[in-house]
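Peer 1: Given next are the chains, with one letter for each unit.
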Amino acid sequence: MRTLGKIDPSLVEEISRKKGEPEWMRRLRLRALELFEKLPDPEWLGGLDELNIEEMVLFEEVDVRASSWDELPPEIRKFYEEMKLPEMEKRYLAGLSTSFDSEMVYTHVKKYLEEKGVILLPMEEAVKRYPDLVKRYFGRIFPPAEHKYAALHYALWSGGVFVYVPRGVKVEFPVEAFFLISEELLAQFEHTLIVLEEDAYLHFIEGCSSPQFRKFSFHDGAVEAYVHRNAHLKFTTVQNWGKNIINFNNKRAIAEEGSTVEWVEGSFGSWKSYVYPSVILREKARARISNFSIAHAGEWKESGAKLFHVGKESRSTVTAKSISTGDGVSVFRGLVRMNRGAERAFSSVSCDSLLMDPQSKAFTYPHNQIEEPSARISYEASTSFLSEEQMFYLRSRGLDEDAARALIATGFLSDVIAELPPEYGAVFRRVLEYNFRGSVG
Amino acid sequence: MFYKDVNTVNPVLEVKDLRARIDDKEVLRRVKLSLSPGEIKVLTGPNGSGKSTLARTIMGDERIEVVEGDILVDGESVKDLPPEERFRKGIFLSFQMPPEFEGIRIGEFLLRISGRSGPEAIREMKEIAKELGLDPSILMRELHRGLSGGERKRVELLQALFLKPKYVLLDEIDSGVDVESVELIAKKVKELVDGGSAVLFITHNPLSLKIFSDRPVLRMEGGRILENAG
Numbered sequence: 001m002r003t004l005g006k007i008d009p010s011l012v013e014e015i016s017r018k019k020g021e022p023e024w025m026r027r028l029r030l031r032a033l034e035l036f037e038k039l040p041d042p043e044w045l046g047g048l049d050e051l052n053i054e055e056m057v058l059f060e061e062v063d064v065r066a067s068s069w070d071e072l073p074p075e076i077r078k079f080y081e082e083m084k085l086p087e088m089e090k091r092y093l094a095g096l097s098t099s100f101d102s103e104m105v106y107t108h109v110k111k112y113l114e115e116k117g118v119i120l121l122p123m124e125e126a127v128k129r130y131p132d133l134v135k136r137y138f139g140r141i142f143p144p145a146e147h148k149y150a151a152l153h154y155a156l157w158s159g160g161v162f163v164y165v166p167r168g169v170k171v172e173f174p175v176e177a178f179f180l181i182s183e184e185l186l187a188q189f190e191h192t193l194i195v196l197e198e199d200a201y202l203h204f205i206e207g208c209s210s211p212q213f214r215k216f217s218f219h220d221g222a223v224e225a226y227v228h229r230n231a232h233l234k235f236t237t238v239q240n241w242g243k244n245i246i247n248f249n250n251k252r253a254i255a256e257e258g259s260t261v262e263w264v265e266g267s268f269g270s271w272k273s274y275v276y277p278s279v280i281l282r283e284k285a286r287a288r289i290s291n292f293s294i295a296h297a298g299e300w301k302e303s304g305a306k307l308f309h310v311g312k313e314s315r316s317t318v319t320a321k322s323i324s325t326g327d328g329v330s331v332f333r334g335l336v337r338m339n340r341g342a343e344r345a346f347s348s349v350s351c352d353s354l355l356m357d358p359q360s361k362a363f364t365y366p367h368n369q370i371e372e373p374s375a376r377i378s379y380e381a382s383t384s385f386l387s388e389e390q391m392f393y394l395r396s397r398g399l400d401e402d403a404a405r406a407l408i409a410t411g412f413l414s415d416v417i418a419e420l421p422p423e424y425g426a427v428f429r430r431v432l433e434y435n436f437r438g439s440v441g
Numbered sequence: 442m443f444y445k446d447v448n449t450v451n452p453v454l455e456v457k458d459l460r461a462r463i464d465d466k467e468v469l470r471r472v473k474l475s476l477s478p479g480e481i482k483v484l485t486g487p488n489g490s491g492k493s494t495l496a497r498t499i500m501g502d503e504r505i506e507v508v509e510g511d512i513l514v515d516g517e518s519v520k521d522l523p524p525e526e527r528f529r530k531g532i533f534l535s536f537q538m539p540p541e542f543e544g545i546r547i548g549e550f551l552l553r554i555s556g557r558s559g560p561e562a563i564r565e566m567k568e569i570a571k572e573l574g575l576d577p578s579i580l581m582r583e584l585h586r587g588l589s590g591g592e593r594k595r596v597e598l599l600q601a602l603f604l605k606p607k608y609v610l611l612d613e614i615d616s617g618v619d620v621e622s623v624e625l626i627a628k629k630v631k632e633l634v635d636g637g638s639a640v641l642f643i644t645h646n647p648l649s650l651k652i653f654s655d656r657p658v659l660r661m662e663g664g665r666i667l668e669n670a671g
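Heads up: the protein sequence lines correspond to chains A and C, in order.
Reminder that position 239 of the first sequence reads as 239 in this note's numbering, one-by-one numbering, no gaps.
Counting from 1 along the second sequence, just add 441 to a position and that's the residue number in this note's numbering.
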């Protein structure tokens, strides 16, 4: 199914009908559409005035479901091969799903996941097979009313992954899902929902990439995570959308008592990007958000973090790094809120920007809201510039200009890259180098 | 494969009547110099006389404009080549005050610029570090970041000893280090030369001048080389 044109209730009804959804989901979509129409553009939305959603294709259904690598469409396989992912999959990954043109085309669940009772399913299928479980969490962590484009997401969501890890189960290897946008003017609204029961552990890797397009496209995905008591979720995103894509990502986790949530977010691609992973922390919960972004010439990259400390002695750490090249603009937007009662909660935010060219820009907008007198927030920011002397030094050691810039960028981001599984780190480095050679979208 | 192509016809680095300026200021005035594998030439002179500028101009610092003259490596002009090409022709500059690099480990950097890999290369690197009085764990440290002045100098020399370039320009590799280190550096420089490299040893350290008193000593003043004992 290819849907073009006006976003109205009949379109939303049709999406819901074709997906064979339960009534509650249909109504959730329609309520979200009403909100989308009512809500103004978010005040924080900078650098964006060309967005015309209705000109975009909304979603496309693909009648391909592969059960092995060989059955994957050649263009997807090529990308995976170029990124050297098959070996990674063999050695590292517990499961893999690819969302292609908004629909799942490939799902591979390793046997041991099933044995452990872990559910890893395309979101649509989870809605049908586990309606009560999904309904308990869906749209309740990152509500549609959060902002206009969150509402749009809920009205049109399609694709994404559902992961459920039962109590006490530690998933030993990273579980990975790749999302790709492959068609010009295609918008993608995938929804990922992760639920970790008490004492569970999961590292989920979400990767995104797409070839270069001529016109703009729009990505408005969401990730919701509910992390129950003493559970631990690590969520890593590799965002390498094509250079024409406007990327929203609405990510939020609820960290229950004693639990840990880590967001690691890397943004290479897209034209404009607005990503602020957020966590609501209950008593003694821990959150760590590490993100980096690269804004090339003509690009606008916003990243940051939102932390809502609700519980006593909750702790959070934010490490944000951005690189701007040419006239690229990097923006850090952070919110730390200490609710009354979040006694002795602590948050530490550090934000570093590297400007590679004289016309490069970086802005930081930290917001702190403290209602609890015993809570503390520490905030550090730094801006550094690529110096001519550094470039001369590296070139005098045989590196050409692009290689020297890529090496400096890789070095600047090394502590974030170190957070990744080793082979993933190698992919990051390669993509980073491609980025500075200007050859990868 | 690295730079020691002894079959090259007439291996020599030649600076011919080089005039250069930074902005409107003339910084090199008709400088002549030749450097052949197996020899050390000492370059001395007061601060601001143009010693570092000469070394950086030979390396290809684009902030220095060559107005006249030429720089030849083994008979071929490198005057219009970028620094990375000159490096590939065998020129190496050890920086007087090397910049710091976040997140770039010394060992990884050395492998990258040498094009080498594997345990043998790492073993050799560690060996050189030890010979220079450095703990081999320094190879895991960030390039020049958080290192002392003396460590930086030795890390620069470590690179030269590992790469074994044909033409090595050492810009005050002996400044700000203790007496023992000066002697050690001189010993390693001699080894480098015995291995077939040519060295331009820029210094005003009296001990180095004494150690190398049997070698040609050039003196620079006001952008000119005044004496040529070679």
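Worth flagging that the hints you see were computed from the coordinates, not collected in a lab.
Fair warning: there could be bad hints in the mix.
Output of the computed footprint for chain A on chain C, the stretches with three or more beta carbons under 8 Å from beta carbons of chain A [said to hold, decoys possible]: (1) 454-468; (2) 522-533; (3) 536-543; (4) 573-581.
Virtual Cβ for every residue (Gly too), placed ideally from N, Cα, C.
Peer 1: Which numbered hints turn out to be false for this structure?
Peer 2: 1, 4
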